[in-house]
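**Student:** Using the sequences plus the hints, can you model the full thing?
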Amino acid sequence: MIESHTLITVRYAETDMMGIVYHGNYLPWFEVGRTTLLKECGFPYRDLEAQGYMLPVIEVGVKYQRPARYDDELTIITRLKERPALRIHLEYEVRRGEELLVTGFTTHAFINKSGEPVRPPAALTARMKELFAKT
Numbered sequence: 001m002i003e004s005h006t007l008i009t010v011r012y013a014e015t016d017m018m019g020i021v022y023h024g025n026y027l028p029w030f031e032v033g034r035t036t037l038l039k040e041c042g043f044p045y046r047d048l049e050a051q052g053y054m055l056p057v058i059e060v061g062v063k064y065q066r067p068a069r070y071d072d073e074l075t076i077i078t079r080l081k082e083r084p085a086l087r088i089h090l091e092y093e094v095r096r097g098e099e100l101l102v103t104g105f106t107t108h109a110f111i112n113k114s115g116e117p118v119r120p121p122a123a124l125t126a127r128m129k130e131l132f133a134k135t
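Mapping the sequence shown onto the numbering used here, position 118 (from 1) lands on 118, and the numbers just tick up by one.
Since the hints were derived computationally from the structure, they do not count as laboratory data.
A portion of the hints provided could be inaccurate.
The calculated DSSO-like cross-link candidates involving lysine-lysine, where the alpha carbons are at most 27 Å apart (straight line), are [what the hints assert, rightly or not]: (1) 63 / 39; (2) 63 / 81; (3) 113 / 39; (4) 81 / 129; (5) 39 / 134; (6) 113 / 129; (7) 81 / 39; (8) 134 / 81; (9) 39 / 129.
Predicted model only: the values in this text are computed from it and were never measured.
**Tutor:** Laid out in structure tokens, this is it:
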């Protein structure tokens, strides 16, 4: 398993009039976690796109347990539990300190610029094999 931690502070624009984070704002935070994890593994999303790979979301799920509020300092924990093949499945936790607020997941397909499913780059596959062997 590979895990990444990303810190964010809730901005006023991400909340409603009660100061509670709007539910749709968690998905961009998942994206921040995902792109951070890939970058930490040596595969910035920008580089994947430059090589002709894209990772559209094909499935998403979110479970809200407690609200985040304006100015909260949050940690987005992103986990990759299985090596990617044609798809990559990531799991997320949003925490305020030790308190679990939200869990979720996204599943992405590897596609080329024509929208056709493809295998991930050989370098990514090799790096994931290496990283998973260490865990």
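**Student:** State for each hint whether it applies.
**Tutor:** Checked hints:
Pair hint residue 63 plus residue 39 holds up; C-alpha atoms about 26 Å apart against a cutoff of 27 Å. Restraint check for residue 63 and residue 81: the C-alpha separation of about 19 Å stays at or below 27 Å, so the hint holds. Only pairs whose Cα atoms come within 27 Å are accepted, and residue 113 paired with residue 39 is accepted, the gap being roughly 21 Å. Taking the CA atoms of residue 81 and residue 129, the gap is near 12 Å; set against the 27 Å cutoff, the hint holds.
At roughly 18 Å between alpha-carbon atoms, residue 39 and residue 134 fall within 27 Å of each other, so this suggested pair holds. Using a Cα cut-off of 27 Å, the hinted pair residue 113 and residue 129 holds, with the two alpha carbons roughly 25 Å apart. Using a Cα cut-off of 27 Å, the hinted pair residue 81 and residue 39 holds, with the two alpha carbons roughly 17 Å apart. Between residue 134 and residue 81 the CA atoms are separated by roughly 13 Å; this keeps the pair inside 27 Å, and the hint holds.
Distance restraint check for residue 39 and residue 129: the Cα-Cα separation of roughly 16 Å lies within the 27 Å cut-off, and the hinted pair is therefore satisfied.
The structure agrees with every numbered hint stated previously.
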